[in-house]
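There are 2 protein chains.
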Amino acid sequence: MEVITTRTLKERLAELQGQTVTLQGWIRNHRKQKNMGFIDFFDGMCFRNPQVVYDNNLKDFAAVQSFHIGSAIRVTGKVVPSYRDPETPEIQASEIVLEGDCPEDYPLQPKKHSLEYLREIAYLRPRTRLFQAVFRVRSVAAMAIHTYFQDRGYLYVHTPLITGNDAEGAGNTFTVTTLKPEDQGDPAKDFFGKPTSLAVTGQLEGETFAMAFSNIYTFGPTFRAENSNTKTHAAEFWMIEPEIAFCDLQQLMDIEEDFLKNIVKTVLEKCGDELAFLDKFTGGGLLDKLTALAGSTCARVTHEEAIAILRRAMENGYEFQFEPKFGEDTAKEHEKYLTEEYFHSPVFVYNWPKDIKAFYMYQNDDGKTVSAVDLLVPGAGELMGGSQRETRYELLTKRMDELGISKEDMYWYVNLRKFGGCTHSGFGMGFERLLIYLTGVDNIRDVIPYFRTPMNCDF
Amino acid sequence: MEVITTRTLKERLAELQGQTVTLQGWIRNHRKQKNMGFIDFFDGMCFRNPQVVYDNNLKDFAAVQSFHIGSAIRVTGKVVPSYRDPETPEIQASEIVLEGDCPEDYPLQPKKHSLEYLREIAYLRPRTRLFQAVFRVRSVAAMAIHTYFQDRGYLYVHTPLITGNDAEGAGNTFTVTTLKPEDQGDPAKDFFGKPTSLAVTGQLEGETFAMAFSNIYTFGPTFRAENSNTKTHAAEFWMIEPEIAFCDLQQLMDIEEDFLKNIVKTVLEKCGDELAFLDKFTGGGLLDKLTALAGSTCARVTHEEAIAILRRAMENGYEFQFEPKFGEDTAKEHEKYLTEEYFHSPVFVYNWPKDIKAFYMYQNDDGKTVSAVDLLVPGAGELMGGSQRETRYELLTKRMDELGISKEDMYWYVNLRKFGGCTHSGFGMGFERLLIYLTGVDNIRDVIPYFRTPMNCDF
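The listed protein sequences derive, respectively, from chains A and B.
Each residue of the first sequence is one higher than the one before, starting from 1 at the first, in my numbering.
Each residue of the second sequence is one higher than the one before, starting from 1 at the first, in my numbering.
There may be inaccurate statements among the hints.
Copies of one chain are not kept apart here, so a pair can be met inside one copy or by any two copies together.
List time: in silico DSS-like cross-link candidates among lysine-lysine, alpha-carbon distance up to 30 angstroms [to be verified]:
1. Lys32 x Lys112
2. Lys231 x Lys194
3. Lys10 x Lys111
4. Lys10 x Lys112
5. Lys418 x Lys59
Because the hints were derived from the structure by calculation, they are not lab data.
Produce the complete structure using the sequences and hints provided.
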C-alpha cells in the first residue's frame, strides 16, 4: 500500500483514481450516522482535503466512530470521485487506525473561533483552515521572493542581526547583552566588549555587498522595540531589502513594480485554493484586488504633485481629517485617496522632503528633497520604501554631521563612497505587510507564526 | 547600446559575440603597456570575468590609463573571443568611463592578503575572488535548500527569534531587553513583561507546525552566547531545522541523506567555477570530496557499534588521544576515523546514550539510549543532528522533571502529545557548517558576511 500525502493525491489524481492508498493526518471534523461516518481529514500538505467515508463494514466500526476531533489517524482506502468537488476525491476507508488520541475538551472545535481566541492558542491555530491558508501563502510568497531574485542573479546576503550600530538613528532598539546585574553599566565586560542591539535594518551592510556583487537582497528578521499596539506593528518581523548597483531612482521603481507583480502572480498561481478561501473569509474582493494589481501599471508622482492632487481634492470638497501640506508627511487617508480614488492603481510617490527622510538618501538639486520613493498600494497603503543612495562623500558626511550620526563609527559605510562608489539604490519591504496585502487578513498578529508585541512573548 | 551584466554575457555569449555592449563594474587589476591597457573587470554577477582590453585609439587613453584599482567604471566595447579562455570573452573597449574613483591606498590590492587581514576589512572582502566564490556558494546553497523543501511540499516556517523559553536548557543565551539601568531586576517593566532571550533553536515551535502541516522547515538565524573562540563557533549563525510528522528515525536518515546529496549536487552544478577556484585555493581535493559525497551511500551504525569499531581499532594499535567509551560522547578524532578510515563515506551514528542527549528525544526500549542520530561526513565531522521525538506524554514529562525543565512553562510543547500526537522526527543543520564543508574554507568567520564572536561585533 502506498503511503501518500494529500499533495500527491492532488498531483496524481487521475492515476490514483480507483486505487487504494494510505494517508496520515488529523481529524478536523467527524460526523457520524448509524451505519456510516464522515471524517474531514487533513495533513496540511494540500489545502483541499479529501473526505474520508466509512461504513459499518469497516473493521472496528464502533471504535472508529468514537475517534475524537483532533486525533491523528492513518487511513487506508480507495480513491473515489466526490460528487461535491471533482478536484478533490473521497477516500472509501477500508482501515482507519488511531495514531494519537485527542481529548474531547480539545481547544479547537469545528466551529468559528474568534481570531483573539486563536491567538491565545497560537500553537494549535495552524490546524485551522484559516491558518492553513495564511501560513501556506506565507511560505509560497517567501519562496516566490527568493526565486524572483535568484533567477535574476541577485546574491542572497545574511546581514548581521546583532549590531553595534544604531544606524538609522531609529532608537527603539532591543539591547542584546550577557551582562550579569552586578556588571551593568560596564560594556567592556559584555559579550562583545561594547553595547549591542538587534538590527533595525540590514541595508547598510547590504550596500557593502552591492558594491561587490552589483545586485543583492536580504531576507531576514528585523526588530523594533516600539511600544505601539497597532494592527500593523510587531516587535519582530521579516524584511526584504534588495540593493542594486548602477541603478537610479527611476530604475528602482521599475524593479519594485516588476517584483511586486511577479510575487502577486506567483501566489495567485500557486495558492489558488488558499486565496479563494481567504477571499470568502475576508468578505470578498481579495482575488479581484490581487488580479487587478498584477495587471495594473503603477502611477508615478512626485511628493509635490501628490500634495497638489490632495489639496485640489480638498478644495473641491473632499474631506480629509489631516490637511495635506507641502513639505510634510502624508497620512493614511491621503494614501487611500491617491490609490483608491484618484489613480485606481498602485502609486509611487517620490522626491520626498529631505527633513522627514533618512540620512543616506540622495539629495536632489533643489536642496529640499531627496530621491526617496514610497510605493502605495490600494487597500494597504505603503508597501515598500526605497531610495537612491547618497553617493557623494561630502554631501553624505555633511548630512550625518547635521543629524549627529557618527561618520567615524560608520567609517565603513561612508568609505563605500570613496572606494569605487557608484549610483545605487535599494528598497525595503516588510514581509508581513506584504502578507496582510496578499491574504486580506488585517492584523499582523495573524500572519506571523508567533507574534511578539509589547507585553506578549508567548510560545 | 545594451547595458548588460557579466551574467548575461555568459548566458548569451554565442549571440553577443562580435556585438558591442556596455558593462558596469569595478577594476580588480589594471596592467598598462605603452600603447595598451588590460583591466581585470568584475561586476560580481558571474565568477568568470571578462578582461577589458583597450589601446591608444581609445578616447581619453591617457586618462583611462590612470584609473585606479578599485574604481567603478562603465565599459563599452566589442565582445571578442579570448585566447586564454573560450568561455570568457574579452571586451575590446571603445569607451571607458569612470563612475567612481578609488584612492591609491585602497586597502584591497591585487596581491594575496591574509584571511585575518581581510576580516578586518570585512566590508571590502566581498570584492575579492575568494569571497566572490564563498558568498555566491552561500547564496546558491541557501536557495538549493529552499528549493529542496518547497519542491516536496514542506512549509517554510519563521519561528520566533525572541523567546521567553530557555528550551534546550542550553544556557548561554543572549538576554534581550529594553530595561533602563535603573529598572534592572524588574522584568515586569521590560518590553515583554518578562525576561526574554534570543532563541537557540526553532525546533519546538517547528514541531507545533509539523503537527498541522506534516512537513515543515525553518531557515533562520540562531544565537549562542558561548564564550568560545574556535574555528567553528559563532555567536550568530543560520540554521535549518526540518520537522516531519509520521516519520521515524530510519525514515529521517533517508531524508537527511537525500537532502544532503541534493544540495551538494545542486551546488556542484550551479557553482562549478566558484568550486574550481575554491578547490585550488584550499589546496585541492574539494571537488573530489563533494563529487564522492554526491555518489556515496551513507553508512548507518548505532552508537554502540561505532564505539565497538573504534575500540577494535584501538586494540589493533590505532592511537586515539581520547579513549572511545560506551555510553560516552565521541571526539573529533573518532568521527574522523569512522568517516575517513573505516567507512570512507558519511556515517549516521544513531541510538545515542540518553544522558548526553536532549530531553525531547524518543526513549528506546533499552532504557539507556534515545533515537537520536548524528550525521558525520568525511572532512567535516558532525554536519546534522536529529532525532525521533518523544511522543509519549508520560515519558516526556518524566524526563523534563528529571532535568528540571518546567512542563508548566512548556505546556504547549507537551500538549502536542495529547492533542493528536504522532510519530515525528526532525533534524538541525548549521548552515555555516555546511558552507565550511562545501567551500573547503575552514573558519566560520570566512563563510559569514559579518561574523559575531566574543569581543567581535564590527560593521
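Violated constraints from the hint list, given by number and in increasing order: none
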